[in-house]
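Student: Assemble chain B onto chain A, guided by the hints.
Protein sequence lines, in the order shown, are assigned to chains A and B.
Going by my numbering, 98 is the number at position 98 of the first sequence; the sequence numbering is gapless.
Going by my numbering, 26 is the number at position 26 of the second sequence; the sequence numbering is gapless.
No wet-lab data here; the hints were simulated from the structure.
Any given hint could turn out to be false.
Partner residues are not named here, just some residues of chain A that face chain B (Cβ under 10 Å, in silico) [unchecked claim]: (1) ARG16; (2) LEU55; (3) GLU60; (4) LEU64; (5) ALA295; (6) GLN331.
Taking CB as the label site, the calculated pair distances span [stated by the list, open to error]: (7) VAL63/B with GLU47/A: 21 to 31 Å; (8) ARG27/B with ALA63/A: 26 to 36 Å; (9) GLU132/A with VAL63/B: 34 to 44 Å; (10) GLU203/A with LEU45/B: 17 to 27 Å; (11) ALA22/A with GLU4/B: 24 to 34 Å; (12) ASP30/B with ALA209/A: 39 to 49 Å; (13) PRO21/B with LEU155/A: 34 to 44 Å; (14) SER57/A with ALA41/B: 24 to 34 Å; (15) ASP30/B with LEU155/A: 20 to 30 Å.
Quick reminder that beta carbons are idealized off the backbone N, C-alpha and C, glycines included.
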Amino acid sequence: MGASAAGLSAVETLRREGYDGALTLVGDEPHPPYDRPPLSKQILASEWEHDRLTLRSTGELDALKLDLRLGSAATGLDLDGREVLLADGTRVAYDGLIVATGVRPRRLPGDGHAHVLRTLDDALALRDRLGEGRRLVVVGAGFLGAEAAAVARGLGAEVTLLEPAPVPLGHAVGDEVGRVLSAAHLEHGVDLRTGVTVREVTEGGVRLADGELVVGDEVLVAVGSLPNTEWLADSGLTVGDGLVCDEYCEAVRESPGATKSPAPTTGGVYAAGDVARWHNPLFGASMRIEHRTNAAEQGMAAARNLLHPQARKPFAPVPYFWSDQYGMKVQAFGYLRGHDEVAVVEGDLAERRFLVAYRRGDRLAGVLAVGMPPKAIRGWRQAVAVRSTWRDAVPATGVL
Amino acid sequence: MRVELDEPKCVAAGQCVMASPEVFDQRDDDGVAILLEEQPADELLDGVREAVAICPAAAIRLVDQ
Numbered sequence: 001m002g003a004s005a006a007g008l009s010a011v012e013t014l015r016r017e018g019y020d021g022a023l024t025l026v027g028d029e030p031h032p033p034y035d036r037p038p039l040s041k042q043i044l045a046s047e048w049e050h051d052r053l054t055l056r057s058t059g060e061l062d063a064l065k066l067d068l069r070l071g072s073a074a075t076g077l078d079l080d081g082r083e084v085l086l087a088d089g090t091r092v093a094y095d096g097l098i099v100a101t102g103v104r105p106r107r108l109p110g111d112g113h114a115h116v117l118r119t120l121d122d123a124l125a126l127r128d129r130l131g132e133g134r135r136l137v138v139v140g141a142g143f144l145g146a147e148a149a150a151v152a153r154g155l156g157a158e159v160t161l162l163e164p165a166p167v168p169l170g171h172a173v174g175d176e177v178g179r180v181l182s183a184a185h186l187e188h189g190v191d192l193r194t195g196v197t198v199r200e201v202t203e204g205g206v207r208l209a210d211g212e213l214v215v216g217d218e219v220l221v222a223v224g225s226l227p228n229t230e231w232l233a234d235s236g237l238t239v240g241d242g243l244v245c246d247e248y249c250e251a252v253r254e255s256p257g258a259t260k261s262p263a264p265t266t267g268g269v270y271a272a273g274d275v276a277r278w279h280n281p282l283f284g285a286s287m288r289i290e291h292r293t294n295a296a297e298q299g300m301a302a303a304r305n306l307l308h309p310q311a312r313k314p315f316a317p318v319p320y321f322w323s324d325q326y327g328m329k330v331q332a333f334g335y336l337r338g339h340d341e342v343a344v345v346e347g348d349l350a351e352r353r354f355l356v357a358y359r360r361g362d363r364l365a366g367v368l369a370v371g372m373p374p375k376a377i378r379g380w381r382q383a384v385a386v387r388s389t390w391r392d393a394v395p396a397t398g399v400l
Numbered sequence: 001m002r003v004e005l006d007e008p009k010c011v012a013a014g015q016c017v018m019a020s021p022e023v024f025d026q027r028d029d030d031g032v033a034i035l036l037e038e039q040p041a042d043e044l045l046d047g048v049r050e051a052v053a054i055c056p057a058a059a060i061r062l063v064d065q
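Next up, chain A with everything else stripped away, as it sits in the complex (with noise of 0.2 Å):
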């Protein structure tokens, strides 16, 4: 279930494995499974067509002998009869289960028209209201919101930037960091406001909770995302921020009580992508992740979970993501969240070349570089992928 990359990962990695019964693959857009990075990048900024984000060709999606189910939106799940119910009341039998039914941009209050910034459809609508002189107010100085503001900005937009955080990214990279990507918004002429809080969307712009107005033509509200899923409401699996899945992916169903002992398994039922939250044994930590690449390596690990019962393997990434604005490419690996110190081990802050390492308890959990040779950043990836620990990672020196 979901056509996007996480579910082409599973269907292919099932096919290359050597599965050769039944496959369907379930999407709730129109389109076949395309690639979403793109679409606050170079689809915003109209330097690609959009069939270049096509991830596979009409002949490799042939080739897979694929029931493609789509323009068609799970409504439920009868776990127990191994069934999928569709929208338009059709149900899909299964033997084997891979939800990877992504999420959704959160949206706020109001009367007034907001884009948000997740399917293609979205992009090319917002992408036909941007240009010079026509005033942007992005709500949320996330990556999406920062990107959106990047090319906006680059096309002759007037952009303002709202973010409930005095820092924007602070919870995600540190505040230090977070200072050194956002001066690039003032750089750039985009009217960057944090500790403001919107309201609502109005006419013409949006509500502050203080009740200012601040005005646009168009407004995109980039302020994260919720799962999709509520088709698994009553289920029987475990949802909670997510599908909560154990370290193999596979779904968890709920226990009633309270009980230490492990819950029952779902007899194949698995799940990857944005829409999985999984226990990742390399941190120790229940995570969801809604990065590009995650989606991809997430739905080999659940297909080959699922194919092979007898060898299952925990899914153990180092997490993955990259950004561009203005020009800076961002890149980290690891798990920054809830970092206790944050360091800068190689270039320097103000020149925005740098690598930063993040320390969690005793061991280095990620870094994060802006402008390093590859090579550099890779020997850290290792010592993340290795769970060195800060001390041996780290030279006692840089730390912020």
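Tutor: Quick look at chain B alone, frame taken from chain A:
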């Protein structure tokens, strides 16, 4: 089998190098992927398939030839 790399699509993640270091490398200046072996030996193909699957930009293809 022949490997095709759509260079303008590459986002310099370096996932291909980790999956298949014999076939891929990255440019030092911008991290864009470099193809070391256009027609890799059979024993390298599993790694290449892994790279195709995890490339976050869908910039790698493995084609029959």
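Student: Could you work out which earlier hints the structure fails to respect and list their numbers in ascending sequence?
Tutor: 4, 10
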